[in-house]
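Based on the provided sequences and hints, a complete structural model is requested.
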Amino acid sequence: QFMGPSDVLLSDVGAHKMWISRYYQCQEPNTCLISNGFCTMGFAMPGSLGAKMALPEKNILSISGDAGFLMNVQELETAVRRKLNIVAMVWVDGEYGLIKWKQQDGFNGKHSDLAFGNPDFAKLAEAYGMWGRDITAADQLIPALTEAFRQEGPALIAVPVDYSENTKLTARLGAIEVPI
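Numbering-wise (this note's numbering), the sequence shown opens with residue 112 and increments by one.
These are computed hints drawn from the structure, not numbers from a lab.
It is possible that some hints are incorrect.
Using 25 Å as the maximum straight-line C-alpha spacing, the simulated PhoX-like pairs for lysine-lysine come out as follows [to be verified]:
hint, residue 1, residue 2
1, Lys-211, Lys-279
2, Lys-213, Lys-279
3, Lys-234, Lys-194
4, Lys-279, Lys-221
5, Lys-221, Lys-211
6, Lys-169, Lys-194
Have a look at the derived ranges for each label pair, beta carbon to beta carbon [claimed, not checked]:
hint, residue 1, residue 2, range
7, Gly-264, Phe-113, 17 to 23 Å
8, Gly-217, Leu-252, 30 to 36 Å
9, Ala-226, Ile-291, 38 to 44 Å
10, Ile-210, Glu-168, 19 to 25 Å
From a predicted model like this one, the values you see are computed outputs, not experimental measurements.
Glycine included, C-beta positions come from ideal geometry on N, C-alpha and C.
See the structure below:
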């Protein structure tokens with residue numbers, strides 16, 4: 112809804128990737144980049160820096176889960192130093208969400224301990240000298256994105272997520288039949 116047809120969205124792998132690949136509509140080639148094959152967590156943030164340097168006139172949105180984002184959080188320094196107006200959106204659940212989803216699906220609802228603690232992402236952004244916001248409701252997302260892309264440098268939006276819908280999505284996707 113927010114991104115223009117030639118703007119670029121980069122997504123890490125994780126539970127959020129399943130939702131993005133299912134519901135985000137790409138309009139042009141190379142405008143939705145998902146590092147899927149080798150499951151490289153942490154791709155979106157550094158990838159967004161390269162995308163912005165190559166396409167400075169485009170909106171560049173990096174979407175990561177909290178675990179993937181923390182794998183390359185140091186790239187915030189590069190984004191600030193280079194004044195790259197990218198927006199890093201972090202979906203916060205405090206777990207390795209996709210691994211939990213897959214384990215629950217494969218082991219009758221059971222999973223190993225996949226939880227971890229997080230920093231306050233808005234304060235982390237501010238510590239790097241950039242704009243950062245936590246949102247708490249869906250109706251805050253578009254205003255936050257609008258404000259984030261108006262910044263002269265990078266911005267970070269932390270979005271709390273509840274992945275309880277994952278098992279329902281698995282059931283819906285598993286029920287799809289494609290006649291040949």
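The hints, checked one at a time:
1. Lys-211 <-> Lys-279: Status holds; Cα separation ~14 Å.
2. Lys-213 <-> Lys-279: Roughly 13 Å between the alpha carbons, so the hint for Lys-213 and Lys-279 holds.
3. Lys-234 <-> Lys-194: 19 Å, holds
4. Lys-279 <-> Lys-221: Since the Cα atoms of Lys-279 and Lys-221 sit roughly 16 Å apart, the hinted pair holds (cutoff 25 Å).
5. Lys-221 <-> Lys-211: Roughly 8 Å between the alpha carbons, so the hint for Lys-221 and Lys-211 holds.
6. Lys-169 <-> Lys-194: 14 Å, holds
7. Gly-264 <-> Phe-113: 17 to 23 Å: Roughly 19 Å apart at Cβ, these two residues keep to the hinted range, so it holds.
8. Gly-217 <-> Leu-252: 30 to 36 Å: 32 Å, holds
9. Ala-226 <-> Ile-291: 38 to 44 Å: 42 Å, holds
10. Ile-210 <-> Glu-168: 19 to 25 Å: 37 Å, violated
The structure does not agree with numbered hint 10 stated previously, though it agrees with all others.
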